[in-house]
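**Q** Chains as they are written, first to last, in the working numbering: chain A, 8 to 333; chain B, 8 to 333; chain C, 8 to 333; chain D, 8 to 333.
Just so you know, these hints were derived from the structure itself, not from any lab.
Note that identical chains are pooled: a pair holds if it fits in a single copy or bridges any two copies.
Straight line, CA to CA, 20 Å or less: simulated EDC-like cross-link-like pairs of lysine to aspartate or glutamate: (1) Lys196 <-> Glu266; (2) Lys196 <-> Asp276; (3) Lys196 <-> Glu270; (4) Lys17 <-> Glu79; (5) Lys260 <-> Glu157; (6) Lys260 <-> Asp328; (7) Lys17 <-> Glu327.
Predicted model only: the values in this text are computed from it and were never measured.
4 protein chains.
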Amino acid sequence: MQEYSLYVHKIPVGVLGASGYAGRELCALILGHPRLSLAFASANAQRGEHFHAAGSSITFAAPEDVALASAELVFSALPHGASADWVARTREAGARAVDLSADLRIGNGASDVPYGLTEVARAEVTGAQVIANPGCYPTATLIAILPLLEAGLVVAGSTISISAASGVTGAGMAPRTDLLFGEVTENFKAYGVANEHRHLREMRAMVARTGADVDLLFTPHLLPVARGILATILVPLSAPLADPLAPLRARWKGERFIEVSAEPPALRDVVHRNVVRLSARMAAHVRTPTLQVFAAIDNLVKGAAGQALQNANLALGLAEDAGLPA
Amino acid sequence: MQEYSLYVHKIPVGVLGASGYAGRELCALILGHPRLSLAFASANAQRGEHFHAAGSSITFAAPEDVALASAELVFSALPHGASADWVARTREAGARAVDLSADLRIGNGASDVPYGLTEVARAEVTGAQVIANPGCYPTATLIAILPLLEAGLVVAGSTISISAASGVTGAGMAPRTDLLFGEVTENFKAYGVANEHRHLREMRAMVARTGADVDLLFTPHLLPVARGILATILVPLSAPLADPLAPLRARWKGERFIEVSAEPPALRDVVHRNVVRLSARMAAHVRTPTLQVFAAIDNLVKGAAGQALQNANLALGLAEDAGLPA
Amino acid sequence: MQEYSLYVHKIPVGVLGASGYAGRELCALILGHPRLSLAFASANAQRGEHFHAAGSSITFAAPEDVALASAELVFSALPHGASADWVARTREAGARAVDLSADLRIGNGASDVPYGLTEVARAEVTGAQVIANPGCYPTATLIAILPLLEAGLVVAGSTISISAASGVTGAGMAPRTDLLFGEVTENFKAYGVANEHRHLREMRAMVARTGADVDLLFTPHLLPVARGILATILVPLSAPLADPLAPLRARWKGERFIEVSAEPPALRDVVHRNVVRLSARMAAHVRTPTLQVFAAIDNLVKGAAGQALQNANLALGLAEDAGLPA
Amino acid sequence: MQEYSLYVHKIPVGVLGASGYAGRELCALILGHPRLSLAFASANAQRGEHFHAAGSSITFAAPEDVALASAELVFSALPHGASADWVARTREAGARAVDLSADLRIGNGASDVPYGLTEVARAEVTGAQVIANPGCYPTATLIAILPLLEAGLVVAGSTISISAASGVTGAGMAPRTDLLFGEVTENFKAYGVANEHRHLREMRAMVARTGADVDLLFTPHLLPVARGILATILVPLSAPLADPLAPLRARWKGERFIEVSAEPPALRDVVHRNVVRLSARMAAHVRTPTLQVFAAIDNLVKGAAGQALQNANLALGLAEDAGLPA
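Here chain A stands alone, though its shape is the one from the complex:
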């Protein structure tokens, strides 16, 4: 009963925009990854600062000091708008790219870049040179509703409504008065139209691909928690489902990072894990059959850094779940 220490070649990867919440989560996951090493982590304003994760310390490099070619794959966690240009430079340097911004996502940018909702796009993502990593709200929502749309269960012409609530890290780490602890604690509210539109575009483009004719009504709320998204979704069905979980279970059978449970999910069930947790029940007391679907994710893991790594694993030919907390 001996323990073997194997020499394993580690693949160098880099992170651009590493100082925000998603960037730090990425760095931590990479540092704990059995097959990846961190070639660089850049941050503009935080250049020179140290960051501790997974028992290691890294120093944020200035973006201009980064050798893109030193990495086989580069994650960009740069802000929307600033990211696409760096992805292009990354490609020129010969490295693969996973873009966590909205710049290249379906409905927002170049239509030929795979949209890395991994469980849906596994074939396109495997070995890909560039991947657009989905937004956090779309990840939770699409994993919940695509099975119903693909199975033709949804009333044509109807509206699917998504009431979703996110922890504050979904808004990033930039200092904003409305995100101060003193403003967020003991508070709750609906917010924003800017984000709503960006996320809606992704969701609507992916829904359109199924050929289903439905509208999406999306209302995001800001929760006084650090992490997590819960989406409560109402789907008008053509007929009641005897087993409301069946379509979800059938579609996601064998998926390690999608869980379907009878109990509605709580944020606690998913934080720090690379999973979408789903539940569903037929709404009671209403005459038109309506499925109530719940989807919970950690916005920084399956909603950002975790799924980015899941995609990177496939792009690099590694095991899909390598280095991912399930």
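Given the coordinates of chain A, assemble chains B, C and D onto it according to the supplied hints.
**A** Same frame as chain A, now just chains B, C and D:
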């Protein structure tokens, strides 16, 4: 510029079940009320304990030591099921009663007891002997949707969906593992069917009164905050509204405790205040006209103790807003 | 039993730096004050924005548009360093000034300006033209230890240690990454030396006035709450006290805004109230007699805006407790 | 670059009292441990309930259904008072025991059982049959002060004061009104004398072993966070230290689970990790040399389940850090 001290006769009122969150809020409001005095505050398990509020200290009496007849009006904040009997005893003792439990509410109990959604039932409540105080979710929801239903704006046969989130004091003060700080902090989830039914009954009965033919789909969630409810409501409309706030403003014109604003309300706008704050907007990107209505209240004030006092003021012939924080 | 409406002349007062936490609290208190009216509320970056409080709406004026002479008294909630100059202008305009910054406080600035720890400086403050309002930590600490020092109970040459924890509003409303909800929630740490020095100077200067020869060791911590300070203080005594509360009770007898209780105070006991709540007990298991004193305040009320109003009331010849929540 | 799957024999261990916070943390650590398997997890009131952790699901067994002999080592996370008896039964069944309760700790129980402050008691713990796992406050405190006491740096006859704050999981999972979210959020207070004594006994007994003649003054506070303890400790020194970190660094050199840093630690630095993080600085502005030491731990990991596993690893002859998050 002198300050006058006027001798004002204070009306003695009592509180049954005073040790819970709603009961304590009631005691505090009564102690700060210009025209009421606290004749007694009973609590079974907490008998003998002291409670400080509004600069005074009160001692919880044992229920069996309380002289109901010493009060002109008695508030019952006893648990559902246990309250109706005490309301009957109160009536026998010759005092008026405001029942904060569900026991006598429309859809749940005696149909002849006024349902004290004050702004809707002002005439019935004024001078009443017994009043059933509405639940917290129904208060927020009904103030938001009744104007639309009464004005005939809602599609017949449609479903109004209510996605609501409440702070933990809405679940009361009984020690429950699932309400421990360690379980609630950094968490969020949909919950319960028991409460859902009780609150749905009130809402559906009040909706039925308007003659409108609509279903209600209600999904409550538990928020990691102490106080406050936010309801995000989707209402299918027969036609788009040019001014989405107009029906709300028209119906609640002149109401001191109902606020209509262009900005979606936050819990911060309403906590510790006896108000419902509303906003509304036409949902974008959907082909069937849908009004998105937001309603926020403090579940312990306008959702419980505050509205109970508002009703008591009217029952006793006092100014409706006496002693109420707006 | 009629209610009389009396015409009362209201004294116009202004607020500089009104958009921060202390400034907003001041505006809210003034709007609810029976004898004061709000002549102006200035804010530089937030000029033109609206602020709702106490049922009223106010608009933040640009500092240069403010007519200082339109007020009989001006509160400055401007940042340390920027405040003294505006106080001087206020004086030139003929108005009284209460400065909430550290600029004029004992140990920091002009030694001839009364240091408005109201219960200690009531005589100096009454009718004063300028008052330096104490810091939040010093208010809690000094009310706790001055009685012991004045009574000669403390060991000469000893060190009084103050381990204090404050809610985040004590750090103001400026957008800082380290004060984001995502950074503060579920966290706790000791912090800062800059504030420590400023607050220590006030405390040491006031301690020196008693003639006592003691050192102060002050360690502030940042709490994941919006409001409130709790100071846990260890005082080496010359001899054990049979009744540890006696010196506190004797010194603060009759003070409406100082409470002495057997039970250690919690933040909950003091938030939104203009009080210092104290408790004390002899430390067990130690051979050198040590008094453990607890002091709790709301940093924005008794620790800032509330005490400023208490001082303003005295400066203007009004009842000391006018408009103050006890 | 292949991945090898090695067959590793797993050692069966059991958990008594598995449904509380420490018990669940233990189960999760065991399920993720490379060399241990979970033979059973008992819980009295929760018998039959399922618990998910580390990708597995376990069912809480009734205590009477547990075969103690099926495990090579049994962790007892039973309440103080109830634990010692089960430890005895475990020994009779031939299994080793790690007791997380206070029953067998130094100063509380049998003096011949090793007190598993691992870094101090490594030799005694290695291969031990029974280990008393330290309390959470004592772990943080002793790792901070033992180096100073052992080095003879502390003034004889003086008092070391420990002002410590703990998250609510330190109080366990039993439903208590004072631990409800509604009571703890936005609150902070000193508490308890019962716990204080139990923890003080351990600390004093361990201090006595060093031969140092000092008193301990311990004040615990309840923090509105789920996890984590921060202790702020004042130590009277015989002479100032030029390098305040030197004694800590010297004593804990090479220890994987003890970190010494220049920056005062925050709870964020240690949660979900099996570490004590220390910092120290000479107190300023005081004439008697005083070292201010900060110690932070996760009360459920290094303060309970993590250290228990660290001890179990040594008892079983495994690598000390096996299965532990550093």
